[in-house]
Amino acid sequence: MSDAPWWRGAVTYQIYPRSFLDTDGDGVGDLPGIIEKLDYVASLGVDAIWISPFFKSPMADYGYDIADYCDVDPLFGTLEDFDRLLAKAHGLGLRVMIDQVLSHTSIEHAWFQESRQSRDNAKADWYVWADAKEDGTPPNNWLSIFGGSAWQWEPRRGQYYLHNFLASQPDLNFHQPEVRAAILGCVRFWLERGVDGLRLDAINFCFHDAQLRDNPPKPKAQRTGRGFSPDNPYAFQYHWYNNTQPENLAFLAELRALLDRYPGTVALGEISSEDSLATTAQYTQAGRLHMGYSFELLTDDFSAAHIRGTVEQLEAQMREGWPCWAISNHDVERVLSRWGGERPAPALANLFTALVCSLRGSVCVYQGEELGLTEVDVPYEALKDPYGIAFWPQFKGRDGCRTPIPWSDGEHAGFSASVPWLPVPPEHRTLAVARQDADPVSVLQGFRRIMHWRRGQSALRWGDIRFLDTPEPVLAFLRCHAGETLLIAFNLDGKSAQAELSLDGQWRPVEGHGLAQGTFDGGRLSLPGHGVLFARQA
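Each residue of the sequence shown is one higher than the one before, counting from 0 in numbering that gives the first Met the number 0.
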């Protein structure tokens, strides 16, 4: 399937620029830092990079509050730096995807600065404004995921404005055609510059219910979600009206039509709704997004049943689209700590990588996963994330997965010549790139081995998937493509495990992945602790 679009079955490496490499000594990573380390990224065997926001921003939400969609924040560099980054990445065979935060802006964006001044200016309806109730309270009961009401009073207009996230992140009014046109113009700016794709943040939040209907209450037993905890008031509602509105589908078609004018470009949507898998299937139908991913594997549940159930549920609904899977990103606890416990075995890092890279679809991996980095317990006085500061100590925010990449075991781990914006813990210095590069059995070398090996496995990149019935902790499935069938099994426990499989024919082990390999003989699968089996039907 060499004629498949580049993004089908691709592995994309997410770069959080603040924490990648600082070249100007201010303690914050920058675009020149990414340029300097692109050879390293290419050596990993990934296909693309996704760069988290580097646009002009007051950094209230560390770049996800954009003040100018079409410029680089001086903290990160210049537009010329981005052009150099793009050229070098392409020269190394890496595609470049950028984050696009379309549903909301910063309060410092020129559009909002004008909109807030009066009810009759040219951009008066570019944001979601509403009158107070008779008693002065907000227009409805919608809540912000970052805590409290989703409405903020604006005295200049004598109205409330909507913010699904921070009060400094007002929501754009996508019911206004001029807003949609302006946003598409900003996207076109980067497509013209040569980017290969967009990662669309919170893409199901673009439209709100025009009638501003109240969200219904959610029973306590059902107060679970992705990206927020049960004690967050946001979990107390069904979010039927503040996001995931039917009008969004037409906008996705407009966005896709724009992308189709730039052959080879791709849109990957981040989706978090009441039924994220169903929404993902809907959003990736023909003429909409190319791919979608949700938070369904960014959870604490690491059971074979949960992984199988999640994938099968999406497979049952996604008839046209293409999935993308992630087990880590800048918003959740690092996967080695989340799934591996307090003292995870280093071998687990490569097991997790192999697992997510064996599911049907494309994959996003987060910087540092290739090193086996664990979650950092950032003390309260060092926290930067407003989400964590607001919900401390029950929820410590997202800083623990955002600490700088350790490039060496020297001062500041080689990340910066000055004190980094977040601390680098001593245990991460022992996992530094320089150390692992020199160790043939390191997690880093294991990551590279898996990535380069996977590139030669067409069934893994493009094949169908069918799960096999196995007891916990064994996860087993078949990947089939162009007459080739791979049997794949993972032992999610540290103790050896066995399972009976009703499969005909002879199966030959597939080597080269570097993981602890089990056996399959006479219908009996045997796996060492945290072991795998990759076997090809003879």
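These aren't lab readings, by the way, just hints derived from the structure by calculation. Some hints here could point you the wrong way.
Label-pair ranges, simulated between beta-carbon atoms [what the hints assert, rightly or not]:
1) G263 <-> G521: 46 to 52 Å
2) Q210 <-> R465: 43 to 49 Å
3) G135 <-> D299: 39 to 45 Å
4) D23 <-> G263: 46 to 52 Å
5) A129 <-> E253: 23 to 29 Å
6) E253 <-> T77: 26 to 32 Å
7) S525 <-> Q284: 39 to 45 Å
8) D463 <-> D119: 56 to 62 Å
9) Q175 <-> G528: 55 to 61 Å
10) P154 <-> A3: 18 to 24 Å
11) A209 <-> P154: 21 to 27 Å
12) S228 <-> D463: 23 to 29 Å
13) P425 <-> P229: 31 to 37 Å
14) D299 <-> E253: 36 to 42 Å
Subject to a maximum C-alpha distance of 27 Å in a straight line, what follows is the list of computed DSS-like cross-link-like pairs (lysine-lysine) [as the list claims (entries may be wrong)]:
15) K36 <-> K494
16) K132 <-> K36
17) K122 <-> K132
Here the structure is a predicted model, which means the values were calculated and not measured. Think of the CB as a built atom: it goes at the ideal place given N, C-alpha and C, for glycine as much as any other residue.
* Hint check, failures only -> Violated: hints 4, 10, 12, 15 and 16.
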